[in-house]
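Undergrad: Letter by letter, the chains look like this.
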Amino acid sequence: MTKHQSADATYTASELLCVMASRLLKDGQIVFAGIGVPLLAATLAQHQFAPHLTILFEGGTIGPRIVPGELPPSTNEQRCTRSANMLLPITDVLLLLQRGYVDIGFMGGAQIDRFGNLNSSFIGDADNPKTRLPGTGGGNDISSLTNMIVAMKHEKRRFVADVDFITSPGWVKGRRSRAEAGLPEGGLWRVVTDLALMGFDEDTREMKVLALQHGVTKEQVQENTGFKLLFDKKVEAITPPTKEELATLRHLDPDRRFTA
Amino acid sequence: MSKDALVEPYGQLRKETLERDRGLREKVMSLEEAAKLVKNGDHVALGGCHLSRTPMAMIWALIRAKKKDLTISRSIASTETDLLLAGGASRRVETSWFSQGLIWGVSKIMRHYTENKIAVFDEWSHMSIGLRYRAGAMGIPFMPSRTMLGSDVGKRLGSDFKTMTCPFTGEELGLLPALNPDVALIHVQRCDPYGNAQLDGLQFMDLDLCMAAKRVILTTERIVSNEQIRRAPDQTRIPFFTVEAVVEAPIGCAPHECYGVYEPFFTHLDEYAAITSKDPIKGAADYLQRYYYEPKSWSDYLSQLGMDAVLDACRRGRSVHND
Numbered sequence: 001m002t003k004h005q006s007a008d009a010t011y012t013a014s015e016l017l018c019v020m021a022s023r024l025l026k027d028g029q030i031v032f033a034g035i036g037v038p039l040l041a042a043t044l045a046q047h048q049f050a051p052h053l054t055i056l057f058e059g060g061t062i063g064p065r066i067v068p069g070e071l072p073p074s075t076n077e078q079r080c081t082r083s084a085n086m087l088l089p090i091t092d093v094l095l096l097l098q099r100g101y102v103d104i105g106f107m108g109g110a111q112i113d114r115f116g117n118l119n120s121s122f123i124g125d126a127d128n129p130k131t132r133l134p135g136t137g138g139g140n141d142i143s144s145l146t147n148m149i150v151a152m153k154h155e156k157r158r159f160v161a162d163v164d165f166i167t168s169p170g171w172v173k174g175r176r177s178r179a180e181a182g183l184p185e186g187g188l189w190r191v192v193t194d195l196a197l198m199g200f201d202e203d204t205r206e207m208k209v210l211a212l213q214h215g216v217t218k219e220q221v222q223e224n225t226g227f228k229l230l231f232d233k234k235v236e237a238i239t240p241p242t243k244e245e246l247a248t249l250r251h252l253d254p255d256r257r258f259t260a
Numbered sequence: 001m002s003k004d005a006l007v008e009p010y011g012q013l014r015k016e017t018l019e020r021d022r023g024l025r026e027k028v029m030s031l032e033e034a035a036k037l038v039k040n041g042d043h044v045a046l047g048g049c050h051l052s053r054t055p056m057a058m059i060w061a062l063i064r065a066k067k068k069d070l071t072i073s074r075s076i077a078s079t080e081t082d083l084l085l086a087g088g089a090s091r092r093v094e095t096s097w098f099s100q101g102l103i104w105g106v107s108k109i110m111r112h113y114t115e116n117k118i119a120v121f122d123e124w125s126h127m128s129i130g131l132r133y134r135a136g137a138m139g140i141p142f143m144p145s146r147t148m149l150g151s152d153v154g155k156r157l158g159s160d161f162k163t164m165t166c167p168f169t170g171e172e173l174g175l176l177p178a179l180n181p182d183v184a185l186i187h188v189q190r191c192d193p194y195g196n197a198q199l200d201g202l203q204f205m206d207l208d209l210c211m212a213a214k215r216v217i218l219t220t221e222r223i224v225s226n227e228q229i230r231r232a233p234d235q236t237r238i239p240f241f242t243v244e245a246v247v248e249a250p251i252g253c254a255p256h257e258c259y260g261v262y263e264p265f266f267t268h269l270d271e272y273a274a275i276t277s278k279d280p281i282k283g284a285a286d287y288l289q290r291y292y293y294e295p296k297s298w299s300d301y302l303s304q305l306g307m308d309a310v311l312d313a314c315r316r317g318r319s320v321h322n323d
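Residue numbers (my numbering), protein chains in the order written: chain A, 1 to 260; chain B, 1 to 323.
Just so you know, not all the hints are guaranteed correct.
Claimed, not checked - One side of the interface only, derived from the structure: several residues of chain B facing chain A at Cβ under 7 Å:
1. Cys49
2. His50
3. Trp97
4. Ile103
5. Glu115
6. Glu123
7. His126
8. Met127
9. Arg134
10. Thr147
11. Met148
12. Ser151
13. Gln203
14. Phe204
15. Glu257
16. Val320
If you are wondering where the hints come from, they were derived from the structure by calculation, not from laboratory data. Just so we're clear, the structure is a prediction, and the values are computed from it rather than from any experiment. Just so it is clear, CB atoms sit at the ideal spot from N, CA and C, and this is done for glycine as well.
Turn these sequences into a full structure, and let the hints steer you where they fit.
TA: The following block contains the structure:
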């Protein structure tokens, strides 16, 4: 377990991801969240500053109440439905994305490239893969139809120039290629890692560092990335997780099932 | 489903539906009798999703009956599809996500069968699978949609996924072929002997599956009277005339969950992950021998899971009614 430290707190990489990602959300938003860091980040935002934020689960749940210490292990089980506003069939909850009701889609990633395309299908050549991964699930639908936040560990093998397989499209081949492929809306908005916060250049749609985590240098981020990063003219320093944010997070996941 | 056509010809679909006995009749039978309604080579769609309301008892019966060459489709596939591959019942799977579950890592059985090209895993986005069933349920040959474009998921499906320019707006759209499975296996909390079914909790894709399929085999936690159903018809989700067989199979999703009745058998699923990760071939064979081939009956299978495990899962499952 990597320990991160600021002047007044110690926290894990997963905790850092949860806190940083939560700060990107806004009150009143409708957020399509996966299990783990995405759900914790959305729930943390609800507790900290966004009481009117609604979580959607792929299994069909609209607006669950997350009970501290009882985080669901997947988006399809009865634990996901607790005190929810509504349960929809899967196809219909996904169609909310297509209809345009969802502000943010929020997921983790196995492999990401310079244009923010994600791979969760094959490592290696798809016809002769080194590893067959579980596949898209709703990832392709979410990334095709809304603005995405991806939270993941920053490692060279995960940040590659071109993904082996585009499971969930980001900006595809850059510039206008996403819209030209038939995806006029949405796109990868932010990538949160334990090293930095990144967005994408407005013209080329290449990944661009916007801010650095506490104590991290530009060189460190570049060293851990498998392609040349762009850096914003004014790269900011991120305020480390506060005691209050960490206390809320640890109240939500006391057994550290998702934040170890 | 005819083997040569991706989409069932409409005339054929209508004809087969009209030829079914759609009368209000009792159709209660055993797992073994219901297994005979599934033919080798059928497209079998599984209800529920991932670890929830999986029609496990019927899958158990199909593997024991040595079915072959089934095409399996499901919204999200888990251990049940592992076992359909390992038990030799299927060599083709169409789904959006296939693994035991995030907390157990990537399924070694899925990897063994797909990476060694013993079985095919066709990957569609989750909404695309759902819209394929929905098109089948609606009696139309395809559904337009706005996903899988610009990705390798769409590309890899080749001619099964097409695009068109919308004749009204000029936009580029994806076209999903309708899916009318030969058989849908659905597990519910309760239904009557005719097949009027009520289900609690998340519905997943089950309603579309029932309307799309040519035969529906229902397994149920319990069979209730038709009078019970008529007291709350607003709760009925599946109409009897889509259903071909009703089988009472208590704890019929074990070791997966059935909303409000039992949660997943997590300890058992940990053990399953451990033995199949260690050796996907021998691990699966040993598991099938102990839990699928040796038990004399479904209740004998539940005994193998253990009374403590059953009670623990039920205690957690019923807790949704405590709030």
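Undergrad: For each hint, tell me whether it holds in the structure or not.
TA: Hint check results:
1. Interface restraint check for Cys49(B): the shortest CB-CB distance to chain A comes to about 5 Å, inside 7 Å, so the restraint holds.
2. Because the smallest distance between the Cβ of His50(B) and any Cβ of chain A comes to about 4 Å, under 7 Å, the interface hint for this residue holds.
3. Using the Cβ-Cβ criterion of 7 Å, the hint placing Trp97(B) at the interface with chain A is satisfied: the shortest such distance is roughly 4 Å.
4. With its C-beta approaching chain A no nearer than about 6 Å, Ile103(B) sits inside the 7 Å limit, and its interface hint holds.
5. Below 7 Å, beta-carbon pairs count as interface contacts, and Glu115(B) has one with chain A at about 5 Å; its hint therefore holds.
6. Taken as an interface hint, Glu123(B) checks out: its beta carbon lies about 5 Å from the nearest beta carbon of chain A, inside 7 Å.
7. Taking 7 Å as the C-beta contact cut-off toward chain A, the hint placing His126(B) at the interface holds, the least distance being around 4 Å.
8. Hint status for Met127(B) relative to chain A: holds, with the closest Cβ pair at about 4 Å, below 7 Å.
9. Taking 7 Å as the C-beta contact cut-off toward chain A, the hint placing Arg134(B) at the interface holds, the least distance being around 6 Å.
10. Because the closest C-beta pair between Thr147(B) and chain A is about 4 Å apart, less than 7 Å, the hint holds.
11. Here the hint on Met148(B) is kept, as its CB sits about 6 Å from the closest CB of chain A, short of 7 Å.
12. Of the supplied interface hints, the one on Ser151(B) holds, with its beta-carbon coming within about 5 Å of a beta-carbon of chain A, less than 7 Å.
13. Nearest Cβ of chain A to the Cβ of Gln203(B): about 5 Å, under the 7 Å cut. The hint holds.
14. The beta carbon of Phe204(B) is positioned within 7 Å of a beta carbon in chain A (closest approach about 5 Å), and the interface hint is therefore held.
15. Below 7 Å, beta-carbon pairs count as interface contacts, and Glu257(B) has one with chain A at about 6 Å; its hint therefore holds.
16. Here the hint on Val320(B) is kept, as its CB sits about 5 Å from the closest CB of chain A, short of 7 Å.
Figure legend: structure checked against the earlier numbered hints; every hint is met.
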